[in-house]
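Peer 1: Protein chains in written order, with the numbering used here: chain A, 561 to 661; chain D, 5 to 193; chain U, 3 to 668.
Please note that the accuracy of each hint is not assured.
[To be verified] Distance condition first, Cα-Cα at most 20 Å in a straight line; then the derived EDC-like pairs of lysine to aspartate or glutamate:
| # | chain 1 | residue 1 | chain 2 | residue 2 |
| --- | --- | --- | --- | --- |
| 1 | U | Lys653 | A | Asp618 |
| 2 | U | Lys653 | D | Glu97 |
| 3 | U | Lys177 | A | Glu652 |
| 4 | U | Lys579 | U | Asp590 |
| 5 | D | Lys150 | A | Asp618 |
| 6 | U | Lys579 | A | Asp655 |
[Stated by the list, open to error] Across the chosen pairs, the derived CB separations fall in these ranges:
| # | chain 1 | residue 1 | chain 2 | residue 2 | range |
| --- | --- | --- | --- | --- | --- |
| 7 | D | Val72 | U | Val636 | 46 to 56 Å |
| 8 | U | Val156 | A | Thr647 | 17 to 27 Å |
| 9 | D | Ala154 | A | Glu652 | 43 to 53 Å |
No lab work stands behind these hints, which were simulated from the structure alone.
Every residue, glycine too, gets a C-beta built ideally from N, C-alpha and C.
This is what each chain is made of:
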Amino acid sequence: MLTLPELGLYFSFLMFLVGLAGVMFRKNILFMMLSVEILLNAANLAFVSASRLTNTMDGQVVMFFVMAVAACEAAVGLALIISLYRTKASIEVDDLKALRG
Amino acid sequence: MNLVMLSFIVMGVAAVLLSGVMITRRWPVSAAMVLISVMTLLAGMFGLLDAHFAAVSQIIVYAGAIMVVFVFVIMLLNLPPEELRYGGVTVGEMILSAAGVAVALVLGTKVGQGYLSVGIEELGILKSENSLALHRPLFGPDQNVKNVAATMFVEYLWAFELISFLIIAAMIGSVVIAKKRSAENANAA
Amino acid sequence: MNYQAMLAAVLLIPLLGALLNGFFLRRAPRLVTVTVGTLAIAVPFVLSCLLVFGPVSAGEVIRTELFSWISVPFNEGRLEVPFGLSVDRLSGILLLIITGVGSLIHLYAGEYMSHEEGVYRFFAYLNLFVFSMLSLVLGSNMVVTFLGWEGVGVCSYLLIGYWYSDEANARAGMKAFVANRVGDLGFLLAMFMSVKLFGTLDYSRIAEALTNELAAANAPLLTAIGLCLLLGVTGKSAQLPLYIWLPDAMAGPTPVSALIHAATMVTSGIYLMTRMSFLLVHSPAAMTTIAVIGACTALFAATIGLVQNDIKKVLAYSTVSQLGFMVLGCGVGAFQFGVAHLMTHAFFKALLFLGAGSVIHAMHHEQDIRKMGGLIKKMPITGWTFVIGTLAIIGFPGLSGFFSKDEILYYAWSGTFGHPLLWVLGALAAACTSFYMVRLTYLVFFGESRVEHAHHHHDHGHGHDHHHHEIHENPLAMTLPLMILAVFSIIGGYVSMPHAIMHMLGIHAGENLITQWLAPVLEKAKVVMTAAHGEAHGSAALEWGLMGTSTLVMLIMSGFAIALYKAGPKGGESIAKAVGGLYRLILDKWRVDELYQAVIIEPLKKVGDGFFKFGDRALIEGIINEGPRGIYLVTSVLSDIQSGLVRNYLKVVFVGILALCVWIFI
């Protein structure tokens, strides 16, 4: 029988898969950013579960740091989206092919 | 199977399923609302894992602050419906998803066999003489915030300070990105 | 300041000037550009005087090495080629000519180019030219000399095409460059063979290594080296058959013609032959070839000069002809008089070119002598200095050309490799020289004025019609160099005073000045020549006879020219009609350009067309067109992978993560 933190790790893995699918399959940059939030949350769940699993506090501290990074990412990313929408009048990532080889 | 375990499983399954619902929404606002509920569920799971501080900050910072910014931007953009087409999933993407699920199942069996616990014991983390865990109870009531604080401001002090720089940089960055545009508009006008 | 540092400074100051003018003073006022450009040559001139009249005249050879340039394993030893400089008595003379005449010409050019825009470019090129020329004559080994040799070629190209917006000028620059490249090939081959034979490229080491035994054992190789050097000389010093570029090079600004295409660069071939004299004299075949080519060039170019109507073209063919005299002097073994003529020619030909430039400047770029005449009243300084230059070049007794040219002609008859036939060719060339130079001078400066008024450039448009007709003397910056050069054109020749005259004047110094001065440089060559062919077989009677003959011929031809053209430029038409076909042939410059076109360029073009059709079209374009098609197929796949879509990249990353999970956990 699985323990609680092990179950948490398993759920975090599944959530991460779903978030990754969101980033990969959606063409709308807003959805991609929301999916990134899911990814970060899945990572947080993994950190907290690991903290419980190993009986240390480090996981929870790192989860706090991840949250700070997520806040930064949201702030800059959303500013970029707004700027992009003003420039290109679109937030479809398929329209952003400047890197095409 | 106690009540804690049962509610944890229910919350976890609900969080995964709601994540799946979120990424398939057509309207960004409903996706953001679903995401908020996912985060609330996660907060509950943190609580069940005795990470009370994490649970609270998950509600306040994530569901409260960050998601408000998201919703705000979504409202600001006010995308027309034709911008929000969603073409569905291609064959390649289905194959990828299937492969991911397969790996998840295999990993799940590994986890079920106690793979992780054994691995952690082998790593010897619990045997560390300096670990806080050896000196005081970590996961009792009223202990969590104190312990997080003790760890963060002793062992992770530098990381904590550096994070503050990151946040300042992000703040300035977003202001610059937004302001550049308006300055150009002002010049054009 | 020690002499080594002075030597390095002499070389590097012009380079500094070129860099300053070329890069840092582009927006500076004209006065700054001209001052920097002139000082960059004048300061080395002062240093050169200190060097040459100090230790070099005392017999020292100053050497210095700036850095080690090439050092490679070679034949169980090492081939060391340092960036070495040395100044001995030979390079001393060249040094003074380059920096001295160079300074005067820079001063002149500052005024001559006063109506041009972007004159910094001109002075940067000129300074760079002087740097290259100095490294040519100061190099202590053939590689440094070759660097200068190429450098002067490049600067010549840049300066001939200075007004590059005119396609003809650009083409003239290209022609000069290509003709010079043919010659450079000869120099390169000579260098390769020298490395093979001597294992060094240092002049003094080669001189040491070249013993009589080595020379006897490698006679064919020495002849080959000599002939390859000659090929280099024909390119740089405009001899047959590569002289064709020099007349076209007159497309450049006149100070350039004076400095590069009369006084310095074209004489570098004479310098090289004198420098390598110890080697050349081992091969009578090479020496004879040199002498014959020199004599033929002298006569050939002089005949073309007879009928030219462009003031600069006449001087250009005259330069080719005079260079022929110098090469002839070297070829008959009288290297010192080749150098003496080089020096006097630098004076009077620079003078003539600058005088021509002065006329052209005053006439607003009119170069046709049929449209000049009577200018001596309006431009007295230019006119009389030009007359002095003419008298010097035709060998009027007492002026510089008389001494140096007559010494060459004397040795053409009686020198070690001399032959009376060579003298005949040389004397004929001298006769032609007298005719065309007097014709030129008379038509430009004397007789009735034929200046046309209609085509004038400056149309003021409000009643000032006669204002622009007035041709007047140029400012002091242009006339001062003329006067200085005129003085040297008169006195420059006394260094090579013939024995006969020295005896008559009661000077018993044994040898004349130039022979004494160059004795250390030519010592080895003299020893070889004396050993192989005995003492030169001349006599005072022969010397007097030849001198008298050539003076007489000169006077007759000059008088003939004046008589013929007294009535204006049409005076020569009666003769032209009498020898109609020959006249047209000479007027077309013996159709050498056409000959080259038919014999070399057209076949080359055909070969090139062949290569184009079968090589380019079929083979290369086949590869170029079909190859890319294949490459395109491959790249389009690769390109599709780099779709620029972050999603796709992420998918790849995801597959990688899955593979990693499988690898780690299963």
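Peer 1: All hints, please: hold or fail.
Peer 2: Verification of the supplied hints:
| no. | hint | in the structure |
| --- | --- | --- |
| 1 | Lys653/U with Asp618/A | 31 Å, violated |
| 2 | Lys653/U with Glu97/D | 9 Å, holds |
| 3 | Lys177/U with Glu652/A | 61 Å, violated |
| 4 | Lys579/U with Asp590/U | 15 Å, holds |
| 5 | Lys150/D with Asp618/A | 13 Å, holds |
| 6 | Lys579/U with Asp655/A | 83 Å, violated |
| 7 | Val72/D with Val636/U: 46 to 56 Å | 50 Å, holds |
| 8 | Val156/U with Thr647/A: 17 to 27 Å | 51 Å, violated |
| 9 | Ala154/D with Glu652/A: 43 to 53 Å | 48 Å, holds |
In terms of the numbered hints stated before, the structure departs from hints 1, 3, 6, 8, listed from lowest to highest.
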